[in-house]
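Residue numbers (the numbering used here), protein chains in the order written: chain A, 1 to 215; chain B, 1 to 223; chain C, 1 to 228.
Simulated from the structure, these hints should not be mistaken for lab results.
Every value quoted in this text rests on a predicted model; they were computed, and no experiment measured them.
Any given hint could be a false lead.
Which stretches of chain C does chain B cover? Using the computed rule of at least three CB atoms under 8 Å from a CB of chain B, they are [claimed, not checked]:
1) 149-163
2) 200-212
Some chain A residues well away from chain B (every beta-carbon gap over 10 Å; in silico) [stated by the list, open to error]:
3) 16
4) 25
5) 30
6) 31
7) 34
8) 62
9) 68
10) 70
11) 118
12) 125
13) 135
14) 167
15) 188
From the three backbone atoms N, C-alpha and C, an ideal C-beta is built for every residue, glycine too.
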Amino acid sequence: MASARIEAIALEKSFPGRPLFADVSFALDRGVLAIVGPNGSGKTTLVKILAGLLTPTAGTVRVERDGRLLSAEERRSAVGWSGPDLAFYPELTARENLDFFGRVAGRPASFEDIRSLLGGVGLAEAGGPVEHFSTGMKQRLRIAFAFLLRPDVVLLDEPLSGVDADGRRAVAALVADAARTMPVVLAATAREELPDATEVLEFAGRNTGQGKRYK
Amino acid sequence: MKLLKLLLLPFMGAVVAAAFLWPEPAKGFLGESSRIVFFHVPCAWTAALAFLVAAGYSVAWLVKRQPHFDEVAEAAVRLGLLFSVLTLVTGSLFAKIMWGSYWNWDPRESSYLLLVFLYSAYLFLRAAVDDPERRARIGSAYAVFAAVLMPFLVFVAPRVTASLHPQTVINPQGKILMDTPTRTVFFTALAAFTALFFWMLEIQSRLARLDRERAKSARGGAV
Amino acid sequence: MSERRPGFFSRAWAVCAKDAAQELRRRVAIASIFFFAATALALVSYAVGPFGLPPEARSRLDASLLWVILFFSAATSLPRAFVREEETGTGLGLRKVAPGVVVLAGKALFNFLLFLAIAVLSVPAFSVLLEWQVRSPAGLAAVVLLGGWGLSIVSTFLSALVARAGQRNVLFLVVSFPLLVPLLLPAIAATIQASEGAVDGTPLRVLAAYDGAATCAAYLLAAVAWED
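Here chain A stands alone, though its shape is the one from the complex (with noise of 0.2 Å):
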């Protein structure tokens, strides 16, 4: 069983003429950190970067397993993400699309595996074109995207949002079963959105320049 680490060093970023957060660090092994803090303080921004899909300003997010420093391109398997703005091919149904995510990855799950995976997310029955899914049922969809490449750290963004009870619980187990192996980063706008976190770091508002520096 691999172990993995993320870390953040020192990260900023800044848009012109609006400066986001600066000064970011954290380290994690395993567990959960949550991200919480109003709309526009920049944890989106944050997680993206951690996910190795915006540069940072400053500063530089170190990804480990076992001990080894993962490359930008191992990066995009190895940390699983899901965002709010995370959408779908709307023509294809779920299954094809997360088939289609994990052969255009390089890494194709295979039909047990995928069908195992929307099973963990509540979407097992759901057939037909995703653009016939509901707002909860598209974000479960997330989630699974998030686990698809059997990621060694887990990012969610909004992981909550729009789900009803019944996947609330079924994310908050697959978050809970993650976290025992593997580092997860949650991010929402208040804390009682998130599963339990061992550890939080809170973005206090908006172009504060400052995030709460954290170890």
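Place chains B and C on chain A using the hints.
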């Protein structure tokens, strides 16, 4: 440096005067029209030079990601647009005198029209992007991509189809067939236009840098 | 579990297959391309007819008209390669799991296959409607393949650049036109040669060189166009 810039004005003036006064008009051309070579060809050369400069600085930006490189690239493209338009205008005047019509869809003249489109496309593309970092990235990628394809535009396409254009003007065998006065003025004009281009480039990119720094300090020093 | 990691081509093929699946399910987009080609053909055929052109000019004009039809039919779909990913928001997921070269290759391949499909239908129809004779079918096949690939790779790359800008449709035409003219001119020249039967290979070599240069440049710049 400043002295050289000051000298550029009288130098240019001397070139223009010499172009009209010193060499005899070339054989085979109507009246004084061959004098256009002292302006038309340097403009064409400068337009192509501008392209190379823009492409070079775009590559530099892609590697180093320093804003200054992008500013120079953009300034070079603007100047390239100016000089290629001038090339077309001087060329059209010549065409009217020699062949009676301003435009003939001749491959050589058309390739410079395409250069005008290319430069305009670059500026249009940049104008459509708001974020400065992304604008520089997309502009640079386009400039480098276009630079790779440019040889086909300027050199190959005209050769695949026949051309009206005087065979590299007064120079069919690749040898310099000009008489001494013509040759002197021609190469001097080439040098003068090149100097002019670099001077204008320096001013434009300096202006862009000042704009950027002013905007930065207006924001209170944040990046 | 040890498994052979899928290589570059199978990943690119996944992108191509996915685009094809989307288009075939939507049907509107594919239908409109073929409808456009059919309309253009009908228009040209009606206006010009098999005998409406003076014989000396025929092969030049026919070749030009053919490429106008092919190019503009393809142009209705070429820009959408990347633009649609951005519009629907799916680009984010794709960017998470795949590098730019894989996505570019897959989409260029899809555009190429689509172009070939348009050509396979349009060229025989054109030949029949305008009594256009092709003395060297091999030469014509070569132009269509080389010209089609060049068109696809350049358009797909530019689509990636344009996808994250505003005013996308007009912008695509503006940025692609100057770069595609050096492709279309030799393509037309080679088509004229193929129809007259006197294929000397020069325009085809130019096309091949263009394709090679464009493919290398697109490959090297793919990561730049893809990053955020």
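Consistency of the hints with the structure:
1. 149-163: Per the Cβ count (5), the hint holds.
2. 200-212: Held - the segment 200-212 of chain C has 5 residues with a Cβ nearer than 8 Å to chain B, which meets the minimum of three.
3. 16: violated, 6 Å
4. 25: holds, 19 Å
5. 30: holds, 35 Å
6. 31: Holds: least Cβ distance 34 Å, greater than 10 Å.
7. 34: holds, 28 Å
8. 62: For residue 62 of chain A, whose nearest Cβ neighbour in chain B is about 21 Å away, the distance exceeds 10 Å, so it holds.
9. 68: The claim holds: residue 68 of chain A sits with its nearest Cβ about 28 Å from chain B, beyond 10 Å.
10. 70: Holds: least Cβ distance 23 Å, greater than 10 Å.
11. 118: holds, 36 Å
12. 125: Non-interface label on residue 125 of chain A holds, nearest chain B Cβ at 42 Å vs cutoff 10 Å.
13. 135: Its Cβ never comes within 10 Å of chain B, the nearest being 29 Å, so this holds.
14. 167: holds, 36 Å
15. 188: holds, 27 Å
Of the numbered hints listed earlier, the single one contradicted by the structure is hint 3.
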